[in-house]
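Top to bottom, those sequences are chains A and B.
Going by my numbering, the first sequence opens with residue 321, and the numbers climb by one from there.
Going by my numbering, the second sequence opens with residue 172, and the numbers climb by one from there.
Please note that the accuracy of each hint is not assured.
As the list claims (entries may be wrong) - Taking beta-carbon pairs under 8 Å as the criterion, some of the chain A residues facing chain B (in silico):
| hint | residue |
| --- | --- |
| 1 | F410 |
| 2 | F412 |
| 3 | E414 |
| 4 | N416 |
| 5 | A434 |
| 6 | M436 |
For the record, the hints were derived by calculation from the structure and aren't laboratory data.
Don't be surprised by glycine CBs; every beta carbon is placed ideally from N, CA and C.
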Amino acid sequence: MATTRVLDTTGDVGAGDLTPGEQVSFQQVSMTYDTGTVALQDVSLPVRAGEFVAIVGPSGCGKSTLLRLAAGLERPTSGTVAVGSPSVGFIFQEPNLLPWASVRRNAALLTELAGMEPARRKERVAASLAAVGLDGFADQLPKSLSGGMRMRVSLARAMALEPDVLLLDEPFGALDELTRQEMQMQLLSLYDRERFTALFVTHSVDEAVLLADRVVVMSARPGRIAAVVDVDLARPRSLELRFEPDYVDCVRTIAEHLRRDR
Amino acid sequence: MTTATVTARARRAPSVLQIDLWRGLIRMGRSSIVPAAAALAGIAVWYAVSYLLLSPERRFLLPPPHQVWSLSLADPAHLDPMLHGLAVTARVAGLGFVCAAVIGVAVGALMNQARWLERGIYPYAVLLQVVPILALVPLIGLWLGYSTASRVVVCVLIALFPIITNTHFGFRSVDRGLRELFDLGRASGWQRLVRLELPAALPSILTGLRIASGQVVIGAIIGDMFFAQGEPGIGTLINAFRAQLRSYDLIAAILLASLFGIAVFTVFTALSSALVGRWHSSGDRR
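Chain A extracted, bound-state conformation (with noise of 0.2 Å):
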């Protein structure tokens, strides 16, 4: 694939790393701060194109680390990460958004940083402003949104671009339950619609059962993959599954290793 973007320790390469129907791929990736950290060792995780995996963990387990080398914010210390689109979007743990600007003006920023042409940046922005329950509010600053909204917008943000890989970085964390569950099911719609490859980090079990089709348990202190469960519900899902017993089944397995390789 000529677009791969793979990362190693001298930076972009050009080779492909990626096996056929594979979209991101960490292949033995070990990653220490310059403090001393070890965040990362030895971390080999291969997600398919079109596949939707979360990974949960303790605090410290490298998970965010995970995300942003996939985003290229990070350079590994050993190991290469391969990213087989340069589409990539990221969503924070907070909106990030820019204060003095509308919620078109924020949504439309990464498409105008990308480059990409004014008729077409206007029809992407505001399809993915629609798709996110938006399009009535393009015009107010964010400081008078409440905080699903604002996640909403961040969203339309990502989505703007059409990417092939989001990577969302425990995104509805700092949301009351109720605003968390309905931001859970515009992701999941959305999932339904794109299928972009997506990489969700999370503290909640029961969040990452219900989104994902595979869920990347991690331990801490280094951070290593300390099981990989498969999650076979059918799709589209709503919030009622999590009252099947398949949903219950897998969320203790996860639970389980969770406390067992704490």
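Given chain A, put chain B in place with the hints provided.
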């Protein structure tokens, strides 16, 4: 008995709008009562000092308010030269302010772009604040002469520091998450500056400009006093009035200079709230 009172009261009940109007007026009255009383008290003290403390032959030290008005402010022969002086001073202050703003914002922004520049410039920017400008004034006169150029230089020196430090602070306080967002979008240095750093730093820059606008008026009046060649500014006149013991003109000139300072500050407060008040709280008040 009780029911009767209730109905009677209900009949006379004023509309909601009337109540709001009255409440608004009362609140306004309450909030301005104390400042107004303080102003009246100030004038009363002024009169008391003029008439009770000073004997008639020494009353010229503080003439009563109405004499300042009738002998100076209300008399065009006295007022016009003062207004002209004020215009000269305002021009010097304006020129100094523009120079200081351009240099200060540029330096403050540059310090943020390169660490070594920050280390090289910042200590000296701090130094600029603690150097007593008055001590430099004779040297400035020696180098640049005793007219307008030197007055402008004093203004620039006095206004530069608050602009540099506030701009620097504004650039430094750009949110880390927003910086990462621009990293993620592979933004160029120019895109970063124009779309993130300048707008984010604008409230701080405006705070710096507002402080500097007050300083620059002080600088211009000091400049007038020391560099009296050329057209007389209001500071030059204040010095002259003192020498001639024209106390009512002296007080009138001080009042005019103060009004000018207040006007400049008000304009900058309004500018601040117009530019960033929509999204930033610093523009709302102060």
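Checking hints one by one. Is F412(A) an interface residue toward chain B, by the C-beta closer than 8 Å rule? Holds. Min distance 6 Å.
Min Cβ distance, F410(A) to chain B: is it shorter than 8 Å? Constraint on F410(A) satisfied, holds at 5 Å.
M436(A) as an interface hint toward chain B, with CB separation required under 8 Å: Interface hint status for M436(A): violated (11 Å vs cutoff 8 Å).
Against chain B, is E414(A) within 8 Å by beta-carbon distance? 5 Å, holds
Please verify that hint: A434(A), Cβ, nearest Cβ of chain B, below 8 Å or not. Given a least distance of 7 Å, the restraint on A434(A) holds.
Against chain B, with CB atoms and a cut of 8 Å, does the hint on N416(A) hold up? 4 Å, holds
In terms of the numbered hints stated before, the structure departs from hint 6 and from no other.
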